[in-house]
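Residue numbers (the working numbering), protein chains in the order written: chain A, 18 to 81; chain B, 1388 to 1504; chain C, 38 to 248.
Keep in mind the hints are simulated off the structure, nothing from the lab.
Everything numeric in this text was worked out from a predicted model, so none of it was measured.
Some hints here could point you the wrong way.
Derived contacts from chain A toward chain B, CB cut-off under 8 Å, selection only [stated by the list, open to error]:
hint: 1; residue: Asp-29
hint: 2; residue: Val-30
hint: 3; residue: Thr-31
hint: 4; residue: Leu-32
hint: 5; residue: Leu-33
hint: 6; residue: Leu-35
For glycine and all other residues, C-beta sits at the position ideal for the given N, C-alpha and C.
If you want the building blocks of each chain, they are given just below.
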Amino acid sequence: MSVLEPTQPQYDVTLLELVDRVLNKGVVLSGDITLSVAGVDLVYVGLRLLLASAGTIDRLREQQ
Amino acid sequence: MAEPLGDKLMAANGDVDRVARALEGLGDVFPRRIDADPEKVERGLAQLVLTLIELLRQLMERQALRRMEQGTLDDDEIERLGQTFMLLADRMEQLKGEFGLDDADLNLNLGPLGSLL
Amino acid sequence: MIHLYAFTPPAPQLPDVTGIAGARLEACRVADVVAVISEVDPGGAVRDAVVEHGLVVESLRELAEAVLPVRFGERFADRRELVAAVGDRVATLRESLARVRGCAEFGVRMVSERSPANVPAADGSTYMRARLASVVEADAVATELHEPLARCARAWDVSDGARYAAAYPVGEDEREDFEQALAGFVAAHPELTVVCTGPWAPYSFTGSADG
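Just chain A, with the same shape it has in the complex (with noise of 0.2 Å):
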């Protein structure tokens, strides 16, 4: 099984697309979604997204 890294650019753009769909589309049923669940964590979410979930991914593969 090939170990994707982060720096990989396939990696990225599969991570970005999930986030994309995660955050711009899908069902809404409060007629407007504010990320104030985030609650104080105001995060400027970007590339540091990707480096941060890359442990999400490896911790959750570790778990399977």
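Model the placement of chains B and C on the given structure of chain A, informed by the hints.
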């Protein structure tokens, strides 16, 4: 179980990195961490302002080109519009230079507006 | 708090994965649809949660007959509030589920060599003609990519922007044709950058006003 995203890339031809970079702006939908560093604040503001200006410039240009295609612009209007867009593009390059920003920096996600760029 | 991931038809087989921050996934029946949920800590880290949400939805897609992804951020104090929010939309949700049954979404993006905006031109008219020519050519290439793909899909969602980005819901029996159509275009245009990702849950075809 298979690697979660490992089989999600169906086809990729060419400079995949460019697509990845283009998508990166989508993260900006999250509120920014309040950073008091004045230099960063100014640069962030410049980034936002120039992104908006560039968006408007491209939208206006596309609109003008559509009308040109439809034949609803006369030669004089085409000439003047062309001059204006060239001037705006030059000015944009100047401003980008002044703030040390390149095309990749003007890739902020503007929510529903973002897909227009 | 309750975090909502997606809707499915009744009695779905829940995947053997955990939700955000390792929480257990639950199926909450609302009339004749099921809301897939888990408990979340409202103050939890958002970044990882976004990815975990997406991975849950994809696991659901693999097991459930149909899945309607919910946008990240739908959260409720309790089940009563969730049911109230779903409200009278159950019929619409059921119809949407029926529409996407057996379909997976494929996303296609294409980037062409962008002609520089500041094309050196002698005058305004020359500049406009050059820009028009490049836009017309880009439109033609986009059509060449889109039409064969659309023929293999149940619907399409193409962005109106300068960069080509589209999503197609493709049925199981059409997937091979879809892949072949894409491969054909890519082979004919080695100079273009084309990226296709999927299969995804049908995020772009949930029938939401925003989606």
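Evaluated hints:
1. Asp-29: holds (4 Å)
2. Val-30: Holds, about 5 Å.
3. Thr-31: Given a least distance of 4 Å, the restraint on Thr-31 (chain A) holds.
4. Leu-32: The hint holds - Leu-32 (chain A) has a Cβ within 8 Å of chain B, the shortest such distance being about 6 Å.
5. Leu-33: With a minimum Cβ separation of about 4 Å from chain B (threshold 8 Å), the hint on Leu-33 (chain A) holds.
6. Leu-35: holds (7 Å)
Checked against the numbered hints listed earlier, the structure breaks none of them; every hint is satisfied.
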